[in-house]
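2 protein chains.
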Amino acid sequence: MNSSVKSRPDLGPLLAASSIAVIGASNDPYRIGGIPLVHLSKHELNTYNDYRGRVYPVNPKYKEIFGLPTYPDIESVPEAVELAIIAVSAEQVMQQLERCHARGVKAAMVFAAGYAETNEEKGFARQRELVAFAERTGMLIAGPNCMGNANMVTGAHSTFAASGLFVPRPGVLPHVGRIGLVTQSGNMCAIVFMFAQRIGVGFNFVINTGNEAVVEFSQYLDYVLEDHETDAAVGYIEQLRDGPAFLNVAQRFRERGKLLAVIKAGLTEKGAEAARSHTAALAGNYAAFAAACKQSGVLIADDLPHLALIAYLTRFGRQGGKRVAVVTMSGAAGALLSDKFVGHGAELPTLPAEAQAKLRALIPDYGMVSNPVDVTGNIQNAVTGGYSTYYKTVKALVDCDEIDTIVLWMPGYYLDGVTKDLIQLATETGKLIVAIDPSDMVNPAALEAGGIPVFNDMMRAVKAISSYSHWCDDQKALKAAGKSSALKASTASGTAVSMPKEAVTILSGIAATLPCSLDEAAGKNLLASFGVPVVGEKVVGNADDAASAARVIGYPVAIKVLSEDIQHKTEAGGVMLGLASDEAVRAAFAAVTDNARRYKPSAKIAGAVVQAMTHDAKTGANELLVGVTRDPVFGLMMTVGLGGVWTELFKDVSHRLLPVGEDAALEMLKSLKGFALLDGYRGAPKADLDAACKAIAGISRAASTIGDAVLELEVNPLVVLPQGRGAKVVDVLLTVDPGKVDL
Amino acid sequence: MNSSVKSRPDLGPLLAASSIAVIGASNDPYRIGGIPLVHLSKHELNTYNDYRGRVYPVNPKYKEIFGLPTYPDIESVPEAVELAIIAVSAEQVMQQLERCHARGVKAAMVFAAGYAETNEEKGFARQRELVAFAERTGMLIAGPNCMGNANMVTGAHSTFAASGLFVPRPGVLPHVGRIGLVTQSGNMCAIVFMFAQRIGVGFNFVINTGNEAVVEFSQYLDYVLEDHETDAAVGYIEQLRDGPAFLNVAQRFRERGKLLAVIKAGLTEKGAEAARSHTAALAGNYAAFAAACKQSGVLIADDLPHLALIAYLTRFGRQGGKRVAVVTMSGAAGALLSDKFVGHGAELPTLPAEAQAKLRALIPDYGMVSNPVDVTGNIQNAVTGGYSTYYKTVKALVDCDEIDTIVLWMPGYYLDGVTKDLIQLATETGKLIVAIDPSDMVNPAALEAGGIPVFNDMMRAVKAISSYSHWCDDQKALKAAGKSSALKASTASGTAVSMPKEAVTILSGIAATLPCSLDEAAGKNLLASFGVPVVGEKVVGNADDAASAARVIGYPVAIKVLSEDIQHKTEAGGVMLGLASDEAVRAAFAAVTDNARRYKPSAKIAGAVVQAMTHDAKTGANELLVGVTRDPVFGLMMTVGLGGVWTELFKDVSHRLLPVGEDAALEMLKSLKGFALLDGYRGAPKADLDAACKAIAGISRAASTIGDAVLELEVNPLVVLPQGRGAKVVDVLLTVDPGKVDL
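For the record, the sequence lines run as chains A and B.
Using the numbering used here, read the first sequence as starting at -10 and increasing by one per residue.
Using the numbering used here, read the second sequence as starting at -10 and increasing by one per residue.
Possibly wrong hints are sitting among the right ones.
Which copy? The list can't say, so a pair holds if one copy fits it or any two copies do.
Below, simulated DSSO-like cross-link-like pairs (lysine-lysine); rule was C-alpha separation at most 27 Å, straight line [stated by the list, open to error]:
hint, residue 1, residue 2
1, K409, K247
2, K640, K31
3, K409, K468
4, K589, K549
5, K662, K683
6, K683, K311
7, K527, K549
8, K640, K283
9, K640, K675
10, K381, K247
11, K490, K384
12, K662, K283
13, K247, K490
Don't read these hints as lab results, they were simulated from the structure.
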């Protein structure tokens, strides 16, 4: 998997250049050759921070643009600049790049369209040429078909997006923060940026990746991660070109305690279809993307405001968690907020008796103290009383160990009155305290400065708080378990091993045509060679042989009459299950053959099959489906479900990228809605989860070892017996590409 | 059900009084005795329309308040006013009400708290006294514990909510519209009102219902429905006190083509718990509420902005529908919008070839024409070209019969350029055309005036458009089917009938203790008397009797060995299924008894049971659970599911209030995720849905006829055989209250 993780070049010349040339410079502040110069100069339209680096407009037609001396060509520029902004048409790009390279330029931003995004051969050819150039010269190339980037800290901007687009009020400097924004769509970038600006969230890097012909999404994320002034990153993704690289950088975000949240199109089939049509590239499977995010701690936002509001919460750097307490002065708001928080995966723990007692002393009898807490309209009296009651109410929750996050719902005219108290409380605790002002009347500045985020919409607040809290809990768990060791432990037992001898024999024997499915027996033997338990069976001709076979296979066994002439064995009385002794097997051999003869006197009876009895109707065994498929972006992905209609109709499955170790397998099983069926449902025995997880890890081990040659692997069913009784593969379908088998 | 629908008094005196007295009038414009007078006078704080009726402040301490002559008592007021606003404390309310009644006052608004909402006996007693007074005098009483109402058209306000609360900018008259707002929470009312005002949505009635001691939620809805100047109503519900009344008024909203949308707390257990604690009343089951809304065409909003934005869409009175076309100039936006629309139940039909061809002539090759439509950044060229291209693009969708709703996503700076064209298009079609301006830059006024709603947020737009479109489709279906006849047809076969003789016998025989469960046989016989097919069985002692019994029961049958000494009949070979002939039955009798003897020679074999063979493993029969429970608010509700884990673990059930006729039963089954299992899943035969629906309607008929006496009825399973082969009740549990059985 790591083989395709690209090297990590320093993107400094692209994102924080100290010297920039603009090839194709224009003196029109609204054209793509002019806008970057507006940002890099003292032009009156420049609403960004001043750029302190050196700027060189390049265009033989001008002597000066926006007060900057202008050069006829890159060769005349007095230094080898770090970054060249190539603001010329696609036809002229290569020629300019060659000259830049000759002049010693390290990086280039290519705005021009007309490449792979056109989905035409001419465009593909241009893009191939660009890639070949980068490979030959080592030049860092951003784009093409790219809106450019903004470095909000140093002012090293390379974007042709007009200042006005990004800053709603000209003349007001934009908010600058410690969050990177990396997107694959200029339009989505602008929307997130503007929404964020309106709520006071600033970014340090605003990055558009364009076609990513050379520098790819995860490499930008990597740069942002490594930046010491960055705490978090948010992104819009259309298609990832390098799944393993994304997984790698995401895991390092997680390990470093920096939040990463993304949004991606393609959740539904229609959305995926639209994304595919739009990007003309392998969009990959949304399930694989979601699995990658889940297992590496990346938050997936539901919409663009959600993404911006997660970023908003990170600004405060406080410790949240999903155990939420809600305080309102309206029972209605408390009930609605409870519904929303629970619906978004948070908890509203009933407060312990001690906390309830503290609150009861402060809140009228008809108010609620269990959580949600309803201080009632009595809040109006507290205004007169200086709000000390409210301070004590929230303080009781701050002091409660069962609560991570405290959410205060209160119209702004009341909120104003408690601002001072809330800020005091925020200084006394690291817990996340959030205010929701449904009337949008409070000026949030004071509260925000005091460490208290303020929302004006209930639903948006709940979504953002729930996501952020989920991230906080993940970080806490990681710290408790010891970071990277915890990440590795969950996968260890599912990683590749050296190929067992039996597997070599089986794989050597298969036809060299592509693709190639192994027959059921070979598939089972292959899995067995990796330590995965599989079911066994034997054909017998008489009662004594049946008993001998049963002893070899191990009790209990099933007996099935063997006759070409009888199709419906069960109807014929030709199947007997759960036989537990030699005598029972002998009697059963007689019974199934007698019954079959009675049912159809003309039938030719060849004998019977003795098969290991994986389970019967009463032992409460379960059947799992364990599949491994190849995602074009992320590689091998495992799918685990309860099989049959559970998987197909109810889509009750869990996905995870390989390798899947025993711990990870257990997590996958636990995330199924149907997990209760494995966990002693309605008095049934608990399933042998240990054995199931060992088998799943073994399947992962087999697939990881066969590696690139695996096209598809489906175990269906993996029978899981009650606790202590094991799990067994009953059927398997394995398709490999023999040309890729590496023995 | 209709028995508890309250009479419908004219609420005109409460909501549109032409003369109003304020008892406990104050000259302080911020006190509850003063605020109503601000609204009803020329006071400078009055930001509402002028009230043209007659106003009489009542307070012996004043001669005049806000320029209005003030009277010492209600007796001195020169006329019998329609409405008295009672702005005195709970202790004084009754005395004032008696005097008002004596003076001929028709209606009273009671602000005072201290009633049932305190959840204390003193409060309950006060509320009982109020109810008794209303019953004795016939006076219309709103509240108590009520924030009051506003009539935004006539100015007949009776609220103590300050003007400033409802109108963000003093001095600007609020928007007035053709939509009623009815809520059970003053806080939620204020939030919806303010959000709506900000987006230009006005209401005509703003109603708070308070404790609803006398006049209840649905009666207010009824008044709003009957108002000729009202097109729609939106509401916040905490608890409905009269479910059937709500269902009744909701159905009449539907029949009259007026939209009704509500939001209710209590979706999750935590939310329901919070709602219960808050209201100290039977909250009822959210599932019953949702069922009532679904079957009467009421939209349920997800949050308060959603509610306000549904109201916003109704303003335009256009014909939407779930077949949505999306037009963007960003593939990313198209993909995200597709995901969101599909996720919210809308469709994005692939456009027919003809429409695609029209679009292809207008849109660059790398743009998308299938739906979503991506006109690409080329929109920028269209600016220069006068946007005619864009006009033609949208026109192609307006002309497409497969599309109901057209959603245009475009930053405001482009949207401004096409405003004229879009308005032209809107005059040419009744279809819903909606614009989404993610940059929030366009001034929506012109587009709105031209019939085009404008949203600034993608997710909110999708939710509101999807809900409104669902309503439009329901209305279209209703019109196509012929309104009330369609509503009745779906329930007819499930309604109460006269009690069958056999049912009378069975019910007469049960013990008069409460509650009382009928034994399985009695339960089945009772259902059978209502025409519901049930399974039959007979005990036999020899092979000939078995064959005779099988002929009576009807083939195929099952035979089960009868022996106290054998617990696991299947393991003993003691069960044979699917026997289709006399010979097979005789052979099977011999086989099961022989097998049992061979399995356990010491066992005493009593004979066998011949049972109607409802199904075997190969016929692909299905088992349904059909339950009837009593909801405290809505009465008898049916739950249908696939039984077992489907119902319990996956909650894959459908609810509907009784009566459930055959058509309604089919709708319920179709709404199950597991419906595919009944519909020929993976080559299995289709289930006999006709028979299943007849059986379900029969169960509804039985429950409806037994009526108030039904405590619980659970059929589990109702076995549904393949098409043409029927459905049968195998087991039933019926619990009745014998004291309520009406024979």
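A quick look at each hint next to the structure:
no.	hint	result
1	K409 x K247	neither (30 Å within a copy, 48 Å between copies)
2	K640 x K31	neither (58 Å within a copy, 64 Å between copies)
3	K409 x K468	neither (33 Å within a copy, 59 Å between copies)
4	K589 x K549	both (16 Å within a copy, 21 Å between copies)
5	K662 x K683	within (21 Å within a copy, 32 Å between copies)
6	K683 x K311	neither (31 Å within a copy, 48 Å between copies)
7	K527 x K549	within (11 Å within a copy, 31 Å between copies)
8	K640 x K283	both (18 Å within a copy, 25 Å between copies)
9	K640 x K675	both (23 Å within a copy, 22 Å between copies)
10	K381 x K247	neither (33 Å within a copy, 48 Å between copies)
11	K490 x K384	neither (66 Å within a copy, 68 Å between copies)
12	K662 x K283	both (17 Å within a copy, 26 Å between copies)
13	K247 x K490	neither (44 Å within a copy, 75 Å between copies)
Comparing the model with each earlier hint shows violations of hints 1, 2, 3, 6, 10, 11, 13; every other hint is respected.
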